Each structure stands twice: as structure tokens, then as C-alpha cells.
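Following the hints, position chain B against chain A.
Residue numbers (the numbering used here), protein chains in the order written: chain A, 42 to 109; chain B, 11 to 393.
No lab work stands behind these hints, which were simulated from the structure alone.
The reader is advised that the hints may include incorrect statements.
[What the hints assert, rightly or not] Quick list of in silico lysine-lysine cross-link-like pairs, BS3-like style, CA-CA up to 30 Å: (1) B:LYS97 with B:LYS45; (2) A:LYS72 with B:LYS291; (3) A:LYS101 with B:LYS118.
[Stated by the list, open to error] The following label-pair restraints were derived from C-beta to C-beta distances: (4) B:LYS55 with A:GLU98: 19 to 25 Å; (5) A:ASP99 with B:ASP360: 26 to 32 Å; (6) A:ASP99 with B:ALA125: 27 to 33 Å; (7) B:LYS286 with A:ASP99: 30 to 36 Å; (8) B:ASP298 with A:GLU80: 28 to 34 Å; (9) B:GLU207 with A:GLU98: 30 to 36 Å; (10) B:ASN181 with A:LYS72: 45 to 51 Å; (11) B:ASP360 with A:GLU98: 55 to 61 Å.
[As the list claims (entries may be wrong)] Only part of the chain A face toward chain B is listed, based on derived beta-carbon distances under 7 Å: (12) ILE62; (13) LEU68; (14) LYS74; (15) LEU86; (16) PRO90; (17) LEU94; (18) ILE97; (19) GLU98.
Predicted, not measured: the structure shown is a model, and the values here were computed from it.
No residue lacks a Cβ here, since even glycine has one placed at the ideal position from N, Cα and C.
Next come the chains, spelled out residue by residue.
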Amino acid sequence: MATKNFKCIACGKSSLSKNEIGINKKLLGMKSKNFYCLECLANLLEVEPQDILDKIEDFKRDGCKLFE
Amino acid sequence: MTVANSSSEIIYADNAATTKPDAEALALMFELQEKFFANPSSAYKLSRPLKKILQESREKIAACINAKPQEIFFTSGGTESDNWAIKSSVLESLPERPNIITSAVEHKAILNSCAAMKNLGCSVTKLPVDKFGAVNPVDLREKILPQTKIVSVMLANNEVGTIQPVKNLANVAHEHGKIFHSDAVQAVGHIPVDVDEFGVDMLSASAHKFNGTKGVGFLYVRTGLNIAPYIDGGGQEFSRRAGTENVPAVAAMALALEKNCRDMNVTAKKISACEKILLDKLKSNGVDFILNGGDNRLPGHLSLSFKDCDGETLLHRLDLKNICVSTGSACNSQQVQKSHVLQALNISEDYIYGTIRITFGKENSCYEAEIIGESLTDILRTI
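Isolated chain A (complex conformation) (with noise of 0.2 Å):
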């Protein structure tokens, strides 16, 4: 599910999903005003996008409203 009005801050991709909302909350914090995609959102932490994915379906395991 696309959630509106924002965009990644490094590249410009838009509709980021609630799932990428929801993971940029989780990893930057809760008052974090800036998003990436998972793509960005991985290259920032220096990760790989698989460890960011497997983070999101913990997080959903554990029932997370943030999340889909």
C-alpha cells in the first residue's frame, strides 16, 4: 500500500509504501521527518536491502501497526 505525499529525500522516489514509512520511524526514530526508500534507507545504514526486509517482517510478526 502506497502511502501519499512522500518522497524519498535521496532520490526523489514518491508514494513510499507504509511498510518504507514505517521502517524509517523504526531505524531513524519516531519524530523522524525525513524518508528514504529501502533502497536509500539501506545505503545510509550500510546494510543490505534484505537485512532492511527482514526487519519489516519482524517487526509485522510482532503485530506493529506501523507496518502492513
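Relative to chain A, chain B alone:
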């Protein structure tokens, strides 16, 4: 110098949650599991070695805490031991609406056992703590009631590591003729524990916190204290705790505890050095943080609160760098719940949410402490 954890090696710094099982203890457990499968309660000769192993394990564990072997009762772990101590102390006198005294910073195994007894008609008194998490024996003296049945205060706190003045608290309880229990799950195998010196009537321990395996622990019950069994069934454990004993796990627990007690001073020095390196690194990097729990803490046990950030974010960012720590707050859906321990310590709002717990163990190195310090600093600069 920036040190990054670029290797795929995991740095495990959450030893208060659980410890890595000692290799020798684990090998012993597997060996016994394979070779001695008989029921230790059976009468044939196949069971004879199991009876002997159980007795020797009881003796080893008793020696580690200065107890008598017959005062050690094997359980499934700390939670069962705590439930047994609290519930069996008050269940027989429920019609008299007994009172339980505990502290505001206990583990949920104690607090929820108390809550269950409250639902059955008991009253529960929670003693406050000071800003370091310590209970004042004067507060206990003021709160003891004629109907108080048991006082239960932990030996060392699982979140902030504060060591409680258990000896003084036990003295106060005994002056009033009350039972004194201590949840020593976080302390046994890490600091000297002497049940005679402390004067406790009951004490809980869990093997996986001192490099034993999960699912096994013990409750020390002083000779002459007649509390009812918590688990009913057969006549195991001197007819006070039913259920076929997990002999391999018990033997592994005894070996792990013996080794931890033998190496206690060396380990404490090593992990205190790790602690100092990490704290020095954060200070030299200009990081704004509070070290919770004061000076009288478990060695290598750090509860750190960072200003204006999320502990959960720190945990997950460290996890992405292969560093395992835990947080002082729990995220429940979109709500971050503050830890009851940190609230009891009156940690200010701008720091309480940014709390993580880093607990070093005997497997950690000073180099790992340096990596954690640098990684934390890097993360804090970007959130």
C-alpha cells in the same frame, strides 16, 4: 579512530537476558542425555547413577551459595521458583487476607505472582526505591503489618543491575517474624551469594543466567521453613516439587555454577574493564547519557539512557551492526511502554525512552566494548 563492526561476527552484549551455555556444561548435558536416560526415581540399577548425579549436583550448588544440599530444590527456572516462593507462602492463609511486601522494581515473575495473589484476596505492598533503584530497609520497617506473610526483594535488578541491601532487609523481616525471599536470578554466579550471610529464607536462581541451559533452576529453602509444594504430583525433591527431574540439565547447571563461582573475580574484572572502555568511549565522543543504577551494580551491567531518542531505534540499529543489546522500553504496536523499573527510578521523560541495557559476559572482549561504543556514537549522530 573509528571502529566499525564490519565483520559478520555477532557481538552478544545481552547477558542479563540469557548467557551462552558453557561448552563443558553443554557437553556434559548431551552426554548424560544419551547415556543415562532412566528415570531417577526408578528402583533398578539403571537409575542408580542418576540418583548419584542428582545428589552430587545438589551438593555442588549448595556449596556455591553456602547452603545445605537438602535445602536446594530443583525447578524449571527462576519464574517457577519465584511463583513457588510467593504463592505457597500465602495460599494456606488466604482467609486471613495475608499481606505480601515486595519492591517496585521486581521482575514480572514476582510482580505478577503478587498480582495473582491480590486477585485471591491478599494485599500487596510495593516498597519504593531511591534514584539508583535501591530499597531502604527503613521503608520496609515502616510497612510491615501483622498480617504480612512474606517479604520478597530481589538481590540484583535485571534492568539496571542495582544490588539491594538484602542482608539488612532480611534482618528487618526477621525482627518481625516474617519470611524473607530474594529473587537472585540475576545475581547467582555473578556476585558472591551466601544464604547464611544474607539471612534469606528462600532464594530463586535460574541456570541460563549463569551459563547453564534454559528450563532449569532452583529454589533454596532454609531448613525448618515449611512452605507447601507449588507443583503437586509424585514424591520427587523430598516430596516438595513433583515432576521427573531433568538430570542432565541439573548436572550442567551445577557445573556451570561451579565454574562461574570459581572464575567470578577474574570475570568481574574483565567485564568491568569492558564497561569502563565503553563508558569512556561514549564520554570522549561527547555523547549525552545517564548511567542508571548507581555504583553498587552488577559488574558489566549497564543501563544507559540517551537524551531525546528511542531505545528501540538504538536496539535495531545496533542489531543491523550485529550487536545484541536490549531496551528499557517495549513497543506495543504504536505505543512505547515505559519500563516500570525506570519509572520507579524517576528517570526524566527526555531520557527514559532512550534507554538500552548492555550487559557484558565472560565471552565479551574489551575490543567488543570499543566497537559498541563507536557504533552507538555513530548511530546517535544520525538520529
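Comparing the hints with the structure gives:
1. B:LYS97 with B:LYS45: violated (37 Å)
2. A:LYS72 with B:LYS291: holds (27 Å)
3. A:LYS101 with B:LYS118: holds (26 Å)
4. B:LYS55 with A:GLU98: 19 to 25 Å: violated (53 Å)
5. A:ASP99 with B:ASP360: 26 to 32 Å: Given about 28 Å between the Cβ atoms, the range holds.
6. A:ASP99 with B:ALA125: 27 to 33 Å: Hint holds: Cβ distance 30 Å, inside 27 to 33 Å.
7. B:LYS286 with A:ASP99: 30 to 36 Å: holds (33 Å)
8. B:ASP298 with A:GLU80: 28 to 34 Å: holds (32 Å)
9. B:GLU207 with A:GLU98: 30 to 36 Å: Taking Cβ atoms as reference, GLU207 of chain B and GLU98 of chain A lie about 50 Å apart, which means the hint is violated.
10. B:ASN181 with A:LYS72: 45 to 51 Å: holds (48 Å)
11. B:ASP360 with A:GLU98: 55 to 61 Å: About 32 Å separates the Cβ atoms of ASP360 of chain B and GLU98 of chain A, which means 55 to 61 Å is violated.
12. ILE62: violated (12 Å)
13. LEU68: holds (6 Å)
14. LYS74: Hint violated; LYS74 of chain A Cβ to chain B Cβ min 12 Å, cut 7 Å.
15. LEU86: Holds: closest Cβ of chain B sits about 6 Å from LEU86 of chain A, inside 7 Å.
16. PRO90: violated (12 Å)
17. LEU94: Hint violated; LEU94 of chain A Cβ to chain B Cβ min 12 Å, cut 7 Å.
18. ILE97: Constraint on ILE97 of chain A not satisfied, violated at 11 Å.
19. GLU98: This interface hint is violated because 13 Å lies over the 7 Å limit.
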